[in-house]
Every structure is written in structure tokens, then in C-alpha cells.
Amino acid sequence: MYNFDYEKPSTVADAVAALGDEDAQALGGGQTLIPTLKQRLASPTTLVSLSGISEMQGITDEGGSITIGGATVHADVASNGAIAALSDLAGNIGDPAVRNRGTIGGSLANNDPSACYPSAALGLGATIVTNTREIAADDYFQGMFSTALDEGEIITAVKVPKPEAANYQKFEQPASRFALVGVFVAKTSGGVRVAVTGASEEGVFRWSEAEAALNGNFSADALEGMAPDADGMIADLHGTSAYRAHLVGVMTRRAVAACS
Amino acid sequence: MSQVTMTVNGKTASGDVEGRTLLSQFLRENLKLTGTHVGCDTSQCGACVVHVDGKAVKSCTMLAAEADGATVDTIEGQAEADGSLNTIQQAFQDHHGLQCGFCTPGMVMSTAALLKDNPKPTEAEIRDYLEGNICRCTGYHNIVKSIMAASGQDVGSIAAE
Amino acid sequence: MPKDHGIGASPKRREDVRFLTGEGNYTDDINVNGQAYVHFLRSDVAHGKINGIDTSAAAAMPGVVKIFTGADFEGIGGLPCGWQVTDKHGEPMQEPAHPVLAQGKVRHVGDPIAAVVAESVEQARDAAEAIEVDIEELPAVVDMKAALSEGATKVHDDLTSNLCYDWGFVEEVKPDVDAAFETAAHVTTLELVNQRMVANPMEPRVAIGDYSRGTDEHTLYTTSQNPHVIRLLMGAFVLGIPEHKLRVVAPDVGGGFGTKIFHYAEEAFCTFAAKACNRPVKWTSSRSEAFMSDAHGRDHVTKIELALDADNNFIALRTDTLANMGAYLSTFAPSVPTWLHGTLMAGNYKTPLIHVNVRAVFTNTVPVDAYRGAGRPEATFQLERVVDKAARELGVDPIALRRQNFITEFPYATPVAVEYDTGDYHGTMDALEGLIDRDGFAARRAESEKNGKLRGLGVNCYIEACGIAPSNLVGQLGARAGLYDAATVRVTATGSISVMVGAHSHGQGHETSFPQVVAEMIGIDESQIDIVHGDSSKIPFGMGTYGSRSIAVCGSAMVRATEKIIAKAKKIAAHLLEASDADIELKDGQFSVAGTDKSVAWGDVTLAAYVPHNYPLEDIEPGLEETAFYDPANFTYPSGAYACEVEVDPETGKVTIESFAAADDFGNIINPMIVDGQVHGGIGQGIGQALLENCVYDENGQLMTGSYMDYAMPRADDVPFYAVDHSSQTPCTHNPLGVKGCGEAGAIGSPPSVINAVVDALQSGGHDVTHIDMPASPSRVWAAMNK
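Chains as they are written, first to last, in the working numbering: chain A, 1 to 260; chain B, 1001 to 1161; chain C, 2001 to 2787.
These aren't lab readings, by the way, just hints derived from the structure by calculation. Computed from a predicted structure; not experimentally measured. All C-beta atoms in this analysis are idealised placements derived from N, C-alpha and C, irrespective of residue type, glycine included. Possibly wrong hints are sitting among the right ones.
[What the hints assert, rightly or not] Over the 10 Å line for every Cβ pair with chain C, so calculated as not near, a few chain B residues:
#	residue
1	ARG1020
2	VAL1052
3	GLN1078
4	ALA1124
5	GLY1152
[As the list claims (entries may be wrong)] So the derived label-pair ranges between C-beta atoms look like this:
#	chain 1	residue 1	chain 2	residue 2	range
6	A	GLU224	C	GLY2151	46 to 56 Å
7	A	ALA84	C	THR2189	45 to 55 Å
8	A	THR36	C	ASP2004	45 to 55 Å
9	C	ASP2525	B	ASN1086	44 to 54 Å
10	B	SER1084	C	GLU2563	36 to 46 Å
11	A	THR36	C	ASP2178	54 to 64 Å
12	C	THR2656	A	ASP14	48 to 58 Å
13	B	THR1071	C	GLY2052	24 to 34 Å
14	C	SER2764	A	ALA84	28 to 38 Å
15	A	GLN142	C	THR2153	37 to 47 Å
16	A	GLU224	C	THR2189	34 to 44 Å
17	C	GLY2151	A	GLU202	57 to 67 Å
18	B	GLU1080	C	ASP2619	45 to 55 Å
19	A	ALA84	C	ASP2698	36 to 46 Å
[To be verified] In the DSS-like style, the derived pairs of lysine-lysine whose C-alpha atoms are separated by at most 27 Å in a straight line are:
#	chain 1	residue 1	chain 2	residue 2
20	C	LYS2303	C	LYS2174
21	A	LYS8	B	LYS1055
22	A	LYS38	C	LYS2066
23	B	LYS1032	A	LYS38
With the rest of the complex left out, here is chain A (with noise of 0.2 Å):
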């Protein structure tokens, strides 16, 4: 790792004033970013460190939603419940160790291409909650890597709305462990949402036509043959495009037929 300056602020106010810095970084819980730190593939010259804040920690249930702060671990997800398809989802990223550091936030403002946490976000219809404003999931995710947040921005919480039903099925690559395709079926007051991670080059996706298929009729058998195109979806030593599409189906249909 490149040395670089540590700072851990209390409040949000500091840590978006410790941010002001161009090369000043946040840290989450450091599980993606310390990776990147150890192959010199980053080199901020400050790391500001959102772990004491409090007001970014913990999980608050409204009624129709709930809302995660975004210093929140994936542990604490897990073990909450309040939506269970979200908690199931959070209670198998990574391992334990990992799910004792990782948060929301951090997961969120990555946008890893295979991380679970974004399609969750866009499948529930999450709103992120930044210092600054509220960003609708289907605003928020950009791509492979890229999001709606600005320089400095913090992912203060994160509020989700509790679906009818849902369900998140993930497919590991068998190394990393990450999704080599994950996918996240929500049925909604606002209709069926099909939020899907680790397939496309274009990173988490909605997959419209499977989404078509559901309001119409909520069932596994309504995607019987369906898969998305195979072009654009990503392919590497783990799996084809073509592999990738077939999965994503495969895990649709899984997803749905859990959700009933």
C-alpha cells in the first residue's frame, strides 16, 4: 500500500468536510477498498474512515420500509429480517469475517458488477440517501463501477421499501465467490422488479421482458424459455455469455418460484 493519512470523524458534516480533499478517500469497512490498497491500485492520500459515525449505523423499521444506515454491516443486515430476502441476501456475502467489516455503503458506492448488495437495491426500489440528496435506485446505478454519487458524496442510509414478496438467488463463481450471476425478484405495490448482478458488462440490471412476464403472471412457468440476450453479458474464465444469460433464466425462475 501506498501510506496515506487516516482520519475518522465523528459526523457526517466532518467526514464530507475531510472529503473536500481530492484525493481524500471514505473507507466502509474496507473489505473491497484494502484489496485495491494492497495492490497499489489506489493511492488516496487520506482515508476517512465512516465507521464512527453514529448516525450511519444501525437499522430502523418505518412500517412500509425500512431504513439501513450506510456504515451498517452486512452482519447486521443479516441478522435483522425485517425484509428477509434482503437479509438472506446480506447473510451471504462474503463469509463471516467479511460480513463483520463490509457495509451497505461501501458495497453500494463500489458498484461491483458482481456484488449482491446493487441488485437488491434496484430490485426492492431502494432510495440511497446521500449528504446531500436522495437518489432512486433505478437513477443511482451507472454501470460496471459508476454510480449517480458525486465526488465526496456519502452514502448516508439506505431505505427500502418492504416488498410483497422477494427473493434473491445467487449463482457463485466458484473462486471469488461473488455472483457469477445473482438475481433479485421483488413483487411490489408498483409490480414485479427482476434486478440482476454478475451478468452484464453493463453491470446490475433490470430485466424488463422477465418483469413484462411476471405482472402478468407471477410464476416460474411465465419465464419458461426466457433468458436475456446473451450479448452484453459478461464472459471470463467462469462462465460464457451465453452461460451467463442461461443462468440468469435459471435463477429467475428459482427466485420467483421461492417467492410463493
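For this one, chain A is given, so just place chains B and C on it according to the hints.
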């Protein structure tokens, strides 16, 4: 350099660290607690697992500065006060749950965290929990068996004694 | 009732206490006063010409002690290869130079170009980034067939081609083999890949060089399976240090699996730099660095053909293999695809005619050498796959076909130059069938199918040659070293014993199992005996631990030394008892005169040896310390039969291991608990090879699997509990313990049964799949089902 202070295995420990100093480095280099091992650089192998404020974490993927003020428990603090092996350590010895010993500190610390939350895990729960702890020697057979034994379960019926 | 001590007992491992409490002493735990740290600047291209290296800016960076490049090693020996293979025309293999730091060219991603010694690791790395290297990238050769094609870019300009050797075995019988294929009733052909593997011991490699100007003595602390081998190779061939001025210490080592046998550039560098810098120099590999600097394993591409007569007897076998050597010849690399592979092609079968052809190829990849099993897994995989394929083609039961062709009479001289001393292949197959409930398989398959899954059962046999190795034989075959081992038994005045052994324990539990043997022989408690290993200044010259050789070779040396101790102790006892030494019996630590009640205890005799007041000084020397070197008369031949049951999810291609069973014949067994553990670990690695692990380069020689993010290591949830049985025991006839060795069996024996099971499952689902290459990853299995 800035100073960090933490309670490590029940004792106060302080040291000067850089921003980039990892908790694993602080333990191994500053405190000479070399039982915590580093087996990878992508936060996967789990040889470095310690407990910070009672939670299992990968000490190679946590800055020492982040543990300032925390309570840290490592493999060196696991044995009983008289030096004898604790229940988990004893089960690993009894059931040959280690060979080269390099992953073992992480395995023991992960087991301790598992059993705290789930005192009688099933075989499947154990295997799932060990996702972040890689062992190259044992094929995991005797590790899983050791953990079942440590949780007081009868392992006599497990294949291949 | 199992024994509670001595040979055949399973005492708890004594080394566990330090490992379980964080008190192990691994190489990276060692810090020498005043040490500096080295960072290697490694090539990021697979093949390139170095036009210039400018270290001036780097040398001025904070903390830099000294920067080294290839120029600093001119005139100093390169890394030696320990085995010379002679090709089928009687010519020696092509053997390129292997410099410590690159000279003129880089030949694989990770090839070290320069080394920065600095006050801290990070300062060394900072400075390494400031080194300016002018590299002209050259086309890389990665694929072996392409490397051998006309006009291919040469990895080594001074060699005639990328062909290291073209080895035919046994070349004289090739016409007979070919003729048998002409007349065969059935020929089964299979083309397969035994993929490149990375050994991945959990402890990355570490080297610390230390030098004393006052005494001119060098010390190297290193993560090695064989400190004396490193001392010999590095001292004599690389750095020219007299062996008595060089101490090599391999303390607790966190797994080896072959890749810590070899002498590496980093070891030589740290030893060299410690003197050049006049301070200790430490290198700790990161895992990422390990992927591009530890010798890899396997990487064979093979065509195998099996000829059968009308009664399904195997009449001939023919193979053609390309074996990847990587960019340089690692220490034992040439022997792996030849003498550790070709000699095993008879397997468990009385196939009378066998011809093996192996072409070893240089490519712009990390060197390939022994990885757990080393040649024998490659032999077993192709043989047991082709036999299984033959059974399917002929519509006969795969177990019955194997049984029909088993070797049943021993000793058995194979047509591939080795003689099996003992074995009972029906015995291990019987034991296997006792473990697997074959009759219930149909019901289990039906249950899987009800859940939309395919189920398969695969079996295989294996034979291995281990207990490596008879020196005179391997010398004829090209080994540049002897392969005996040694032990010194040092008895103290009060009767406790230190046994200094040439073997090295890095997970095998020697500290527990070796004392069991000595305790049994003398009849004293194991707690009175300790093993000393891993420090060339303390132990006799021995060749270390690999090739399942420790108990068979070093253990035999220990037995011989202990026999000398007992013989001398009997003479002392005879003197004390005023009897003839021929009449002295040793039992339970008591020397007695046969037929009388006169006896003296072990401790009385040892005390007399060191306080020789009443002692036959005119006949024997005082003291009680003996050394023995043991050179085996033959390899040992463990064998067994393995079975695997899998479930395949046809929608995703994911294979799940439902059960795994292993029946082995290891001859006599010293510690059943440890033996089981060795088998478990080998199976884990074999399942890893069969389903998960794959080291992949792209066409430019870039390593695509450079970390655990892409190289799939087996985890606890990838494997089941294993059923193991070693009740079938045919003791080795030529070593004093009757032992065969167990370290590699699991890794050798397990991959074919997994793949046989996957093919069985897919065929049960109506898929036209006769073979699937390893790893049978979900994407590959799915592709095979949807081709």
C-alpha cells in the same frame, strides 16, 4: 505515525502506526503476536482471523487505526489461564483437525465466533461458516469433525475414524 | 482393541499444541536483528528483451540499501536442474540457463528483473516502482502445440527449439505395441488435458539470508521441504559457498505439496544479498507473488489409447503426451512427466505392451514441477479414464473390467521398468465395495432424478511408486542426486532420545509418528523421544520430505540407527549383567538375560554408556549415538480403489460431491490417525483438481488466475466427509517397517473417480458426453450438456 491503543488478549497494548498499517501487521510486528498468519492478499484465506470487539474479522483487511480503542482477541489468548488448551483447541488436537498448522489460528478463531452464535451447528452450517477459511492440508474432514466435537456433539458415527 | 502406544497407535499430535496456541515458529515469524527487506521487481510481460535498466532514481529513494539486477549475478551460477532426461535418440535434454535475476530477457510474467533491498518492505516496493526498465516485448509462446510448431518464437534463443526432450518409453517395444493395436478387437481412444495447478500451501514462501563477517558463515531461513537439498544446490551450484559455511534452516513450514522442494531464486538472492549488504535480508511472498513465482504442477495434454482383445483383456496401451516445463527447468521438473509418470502407466493392470511418448516443452509460463503426486496423478487420470471409457463403450461393468485385468501375482515386473513388490488389488476393491453401497445406487439415482438432478457413480484404481527412491536406479535414470535418507539417534545419559532426521515435517506429523517407531523398538514411552528436523546444522545429510518417502526411507534409516543403538546397548547390558550379549533380550525397556530373572533397565544402560565406570571400554566406546543412512532397494507401491458419487444440476451444470470413499493399501501403518488425515487432505486436493482449480494463461502469457479471486481453492462446503479404509495391507517387502507411504495417494487416486462419476451422471441424463476435462466447473459441464 499515530498512536493506537487497544486491549489485546486482556492487556493494554499501544504502538505507533502509519495510516496503512494493517491490524495483522500491528499484531505480528509491533506486538510480536505471530500466531496470526497472513496467507493471502485478497481477504479470502482466513489465516488472519481475530476477534475485534467480539466479532471475527480478517485482520489483514482492517487498518490498525480502525481497531484503536477496541478489544482484540487472538490465538495467543485462547488457551486456559493455566496454559491448557481450551475446548476448541483440544477438540482440534483430539480429532487431528490440523496438519501444517498455518490456517489453524484462523480456524480456531472462526470456530470460536461460530459457536458463540450457534452452539450446536450442523455439519452444513459449519461448512458454510468456514467459507472464509481455507485449509490446504486436511480436506476439511477433521476440521468439521473437530468443530462438531467442540460443540459437544457425538462424532463417533462420522465416517473414517 | 487399538493400540494405545507404539506402532499402530494414534496418539494425539504433540506438534499441535504450539500450532493451536499461536506458538508455531514459521519462517515469517523469524526476524533477525538489523534485517532489511527485499522486494522483487517482476516482469509484467511474458516474454521480452531487456534493453536497459535504470536504477538511479530508485537508488535515491528513502530507505534503499542496495539495488540488484542480473548484472550483479554475472559469473555466478544459475539455478540448477537436478535431473537430466535422455531423449529417445539417446541425446540429453535441452537445458537452458536459469539466472537468479533475469539477464537480457524475461521469460514469464513474474520473472524477477531486479531486487530492491530497503529498510522496510514498503520502501523497497516504492523504490522498485521507480526503476525504469526498457523492455521490448516479444511474442509469447503459451500453447504447447504452438510452441513446437515450425517457426515458433523460441523461449531460449540459445536452444534449437522449444522442445526440451522427446522421450519414448520403452522405445524398443513401440513396434510391438503398434502391432498389437492393429490386431485389437477394440481400441478406446481418449484425448484429455491434465490442467495446470498451483500447489498453494497456505503459508507463502519466505527466505531470510543472514551472514556473519566474523565467521564467514551464511544462514538461510527458508520455507523448504528439504533444507539439505537447498544447501547443496545453492551452496555448490549457485553461490559457491562451502557447505560447511552454509546453514539452512526450515523451521515450521506451513505446507509444501511439492512446491517447497525446489531451490528458488529468492533463496539464493537473500543469501547472496545478506553478504553483499552485510545485513540480514528478508523476503516474504505475497499470495499474488506466489501465483507467479512458485513452481506450478501438472499441465499435460495427452492422447491415450487402450487396446483390448475380444475377451476384454488389455493387450496394449499407447500414450502421447505434451508436458509443459514452463520457461525454465525447475529442480526436478524433467523427471515428473517421465520417470514419475511413464513408469506408472501399467497401473494395476497386467497390460503386457506399453509405450509412452512424452515431449516436454518450454513456454513463457511459470516453471512446472512436482505437485502432490507428481506424474503419478497424470498417469492415473489418463489410465483410469480410458479404462472407464472402454467399459462404457463395451457395455461392461467398470469394476468388473478392472478386476478382470488386475495384476494378481507379486512380485510383478511391469513392462514399464518397475517391479511391484506387493499388492492386493482385489482386496482394496473389496474394501471399497464395502464402503459404497453400490446396490443402493439405483435408488439414490432415482431420488436425485425426482429432484431434477442427475446422479453418477465413478470408481477408479491407482498404483503409485513412492518411497523415493533407490539411488543407483535413479542415477541411471538421470537424477543428479542420491535419494537415500539419514537419521541420527542420540541417547542421553538418562535415557531420553533425540532423533535427528533428514525428513522434514510440514504437516505430516513426524514429531508424533517417528517417536512411535523408536518407542516400540526399545519399549520406552514415546514422551522420552523427540524428533529434530529442519536445520542443516543439527541433522545428518538427508534428502527431505516429498514423494511419500519420509517413513519409508527416513523412517527406515531411523530403524537402522535404532538397531545399532540396541545392539550396542545390549553389549553394555551384557557387561552389566555379566552375560553374553547373544543372550540379552530387550523388552519393554528392560534388558534381561534369556532364561533368567536378571535384568537392567534402559536407563541403567544409558547411564553406564555416559558414566562408564563399570564398562567394557576395551571393547566398545562410551556414549550412545548412532547414525544410519538408508537407501531403498526399490520404490514402494501403495495402491487402492476410490469411488465418488456426484449429483449434477442440469440447469446450472454445478456438480456436488455426494460421497467419496477411498480404500488404500499402505502396507503397515505407524499412526492410523495421521494416515487418515493424509488421505483426507489428498482427496481434498484431488477434488479441487477435478472440480475447481485451474491455472490459466491468456494467449499473451498473462496469468488470468493470479489470486484466489479467480483460482478456485476447495472450501469446506465443496467437499463431504470422506469414508476411508486401509484394512487391506500388504506390507512392503524391502524396508524394515513394511511401510509404503501415504502422502500422495489421495491426490493421485481421487480425480478420475470424480470425472468418471460426472460422465456417468451426464450419460444417465441422455447426454452424449464421453469425457469432460478438469476442472468440471459448472460452465464446462453446462457447455458439455448443451453442445
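Results of checking the hints against the structure:
1. At the 10 Å boundary, the C-beta of B:ARG1020 falls inside the reach of chain C, the nearest C-beta of that chain being 8 Å off.
2. Every beta carbon of chain C lies more than 10 Å from that of B:VAL1052, the smallest distance being close to 17 Å; the non-interface claim holds.
3. Under the 10 Å C-beta cut-off, the non-interface status given to B:GLN1078 relative to chain C is violated; the minimum distance is some 7 Å.
4. Some Cβ of chain C comes within 10 Å of the Cβ of B:ALA1124; the nearest lies about 8 Å off, and the non-interface call is violated.
5. Every Cβ of chain C is farther than 10 Å from the Cβ of B:GLY1152; the closest lies at roughly 19 Å, confirming the non-interface assignment.
6. Distance hint check: the CB atoms of A:GLU224 and C:GLY2151 are about 53 Å apart, consistent with the given range 46 to 56 Å.
7. Restraint check, A:ALA84 to C:THR2189: a C-beta distance of roughly 54 Å satisfies the suggested window 45 to 55 Å.
8. Checking the proposed 45 to 55 Å range against A:THR36 and C:ASP2004 shows it holds: the Cβ atoms sit about 54 Å from each other.
9. Distance hint check for C:ASP2525 and B:ASN1086: the Cβ-Cβ separation is about 27 Å, which falls outside the suggested range of 44 to 54 Å.
10. At roughly 38 Å, the beta-carbon separation of B:SER1084 and C:GLU2563 lies within the given 36 to 46 Å, and the hint holds.
11. Between A:THR36 and C:ASP2178 the Cβ separation comes to about 57 Å, which falls inside the hinted range of 54 to 64 Å.
12. Distance hint check: the CB atoms of C:THR2656 and A:ASP14 are about 50 Å apart, consistent with the given range 48 to 58 Å.
13. The hinted range of 24 to 34 Å is not satisfied by B:THR1071 and C:GLY2052, whose Cβ atoms lie roughly 54 Å apart.
14. About 36 Å separates the C-beta atoms of C:SER2764 and A:ALA84, a value consistent with the hinted range of 28 to 38 Å.
15. Between A:GLN142 and C:THR2153 the beta carbons are some 43 Å apart, a value that agrees with the proposed interval 37 to 47 Å.
16. For the pair A:GLU224 and C:THR2189, the beta carbons lie near 40 Å from each other, so the given range of 34 to 44 Å is met.
17. A hinted range of 57 to 67 Å for the beta carbons of C:GLY2151 and A:GLU202 is inconsistent with their spacing of about 42 Å.
18. Remark: the range hint 45 to 55 Å for B:GLU1080 to C:ASP2619 is upheld by a beta-carbon distance near 53 Å.
19. Between A:ALA84 and C:ASP2698 the C-beta distance comes to about 42 Å, which sits within the given range of 36 to 46 Å.
20. Among the hinted pairs, C:LYS2303 with C:LYS2174 is consistent with the structure: their alpha-carbon atoms are about 16 Å apart, no more than 27 Å.
21. Between the alpha carbons of A:LYS8 and B:LYS1055 the distance comes to roughly 20 Å, so the proposed pair stays at or under 27 Å and holds.
22. Distance hint between A:LYS38 and C:LYS2066 is fulfilled; the C-alpha atoms sit about 24 Å from each other, no more than 27 Å.
23. Pair hint B:LYS1032 plus A:LYS38 holds up; C-alpha atoms about 22 Å apart against a cutoff of 27 Å.
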